[in-house]
Amino acid sequence: MINLTNIKKSYNKGQIPAVSNINLSVDRGELFGLIGPDGAGKTTLFRILTTLLLPDEGSATVDGLDVVKDYARIRSRVGYMPGRFSLYQDLTIEENLNFFATVFGTTIKENYHLIEEIYQQIEPFKDRRAGKLSGGMKQKLALCCALIHKPTVLFLDEPTTGVDVVSRKEFWDMLQRLKQEGITILVSTPYMDEANRCDRIALIQKGSILSIDTPKGIVDAFPQNLYAVRSTKTHQLLRDVREYPDTDSCFAFGESLHVTFKGDPQPLIPYLNKKGQTDATMEKIAPGIEDCFIHLLNN
Amino acid sequence: MKTLIFLLEKEFRQILRNRQILMTLLIAPLIQLILLPLAADYSVKNISLAVVDNDHSPFSQRLINKITASGHFRLTGYATSYPEALKMVEQDKADIALQIPIHFERDLVRENNKQLYIAINAIEGTKANLGGAYLASIIRNYNDDIRLRWQSATPSTPPQIEAVSSNWYNPLLNFKLYMVPAILVVLITAIAAMQSAFNIVQEKESGTIEQINVTPIKKHIFILGKMIPFLVLGIILFTLGLLVGWLFYGVVPVGSLLVLYASLIVYLFAMLGLGLLLATYSATQQQSMSLAFFFINIFNMMSGVFTAVDSMPGWAQTIVSTFPPSHFIKIMRMVVLKGSGFSDIAWPLTAMALIGLFLNTWAVLNYRKTS
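Protein chains in written order, with our numbering: chain A, 1 to 299; chain B, 1001 to 1371.
In short, the hints are calculated from the structure, not lab data.
Heads up, the beta-carbon is just placed ideally off N, CA and C, and yes, glycines get one too.
Check before you lean on any hint, since a few could be wrong.
Claimed, not checked - Chain A side only, calculated, beta carbon under 10 Å to chain B, not exhaustive: (1) G79; (2) N98; (3) L114.
Only chain A is shown next, with the shape it has when bound in the complex (with noise of 0.2 Å):
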């Protein structure tokens, strides 16, 4: 459904590299998460996506169409909703709708089906500027703009930055559903958590892809086990763990610690103790996306 082939993008005429090497293939009625922090280049494979910018190298398609030479019947068959809110502020929830409906060519009426469960939310707001509604309702009407001429591609630019957790979680079971209508997503976060509720991630960072597989998969291919160490004094403890001479990697996650380690993880607690950490605590877990993506970082 959507074909990236060896992508390449960079500003201030080659300058600052943005992207390269990208080669990426989601299927149709995916749910995709590309997953990195910010500056990774998310934004510049969406906007090359959504024909907004062209791509120095390499190739893209949507829906088997060419990004470069068939823009704009692209346009006509995905919804963008971009990063920054990107809607008319000075025109109502109603207006905004009723306006991108229409330049699609179609109705709200006609799509009613697809965003009614989120519309619901907002429609009694309907008659409120949308440069006066909350983040989360911002939110919301932009999945309904995006999604009013039903498209076969949803592309969103991190639609949960900078939105409370509850309104994050009603977004992503959301999304689940419109996967349901067959509506193939591509949608970027900074949010490792989130990475869990897509189908497949690619792990993004500086421009690269550094892994591609299922949330699970990628957790599995953790190679080492990974303990959480914990004790009073978390940050002498960061210190001691670190001069542990059979520490691999060391890393803090809220108030414990992720470590993996080069030989015998045993000793450590005793060490420890040695050290004064006379509360110290270890016990092996199970890696998160977060572990990965930094192990993957790191090698």
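Given chain A, work out where chain B should sit, using these hints.
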């Protein structure tokens, strides 16, 4: 076509919703049109005059009366000496110092010849120039008067040529008649070139252009959707402006309205092209504002609103001929004051159309390239 209608509906809804913009678009220009012609008047009045009358004769008294009776001068004071009068000029109490020398009457009668001294403060060029000229003509007139009186007995008057001129198309040299059409052009220029540029750049700034670009809306439809509202606003403002000119200044176009409106549409086409071009070169409204200001200031100062283009140096005239406002001001004055028809304004009208075509082509090409 249907898309264009939806776009226009959206544009008008946005413009009408923004009260502040609507006021600046329509009300502010009209207020300016009411105020500016009153102030931008070339006829110089209230020139302060300091007189040093060393003669104190009926002759000198009659001269002073004649000067003050002209209406252009205001006698601000008598000085006892020339240096004292100059001091008044220096302190800005007087614009012109006139010295009537001692024995003015006696020498005039006896020797048929006497000189007067005039010192003019030339800091304000126009005032000094015209003031000096007014004064000189009053004195010449006075001179003729006394010559007539004395020489009526002896018919040996040397032959004199007197040129009598009449002012065509504006018989009373009413400056308002001349300024109202030009000021209306200045105001239309601001709406067409600046506001259209701001409007397009605003879509860039707020990111909405991204969302528009991924829809099937074609570029030329989008551009038309941006230009038509300002074309309509320009026509409305022009109509209101003509009404203000009639109600407040009694300026009624002598020529046909058809010629005026046809020229207006060509002019708006050119200026909207400029606005679009500025928009393609700006990423923020601030950038487009500074660009637009640059052009509009030059247009206002050089397009013949205040100073005649014909008296500018050759190179300046060449530059000015590429400014659409200079042509439209010419057309406006010709049609409003003189009643010119299409055949009379053929050249400026063609020039405007060509400039408009050039600007729009450039803008559309550049618009494609940058998005």
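Hints and how they fare:
Taking 10 Å as the C-beta cut-off, the interface hint given for G79 of chain A holds, the closest approach to chain B being about 8 Å. With a cut of 10 Å, the hint placing N98 of chain A at the interface with chain B holds, because the nearest CB-to-CB distance is about 9 Å. Hint on L114 of chain A is violated. Least Cβ distance to chain B is approximately 17 Å, over the 10 Å limit.
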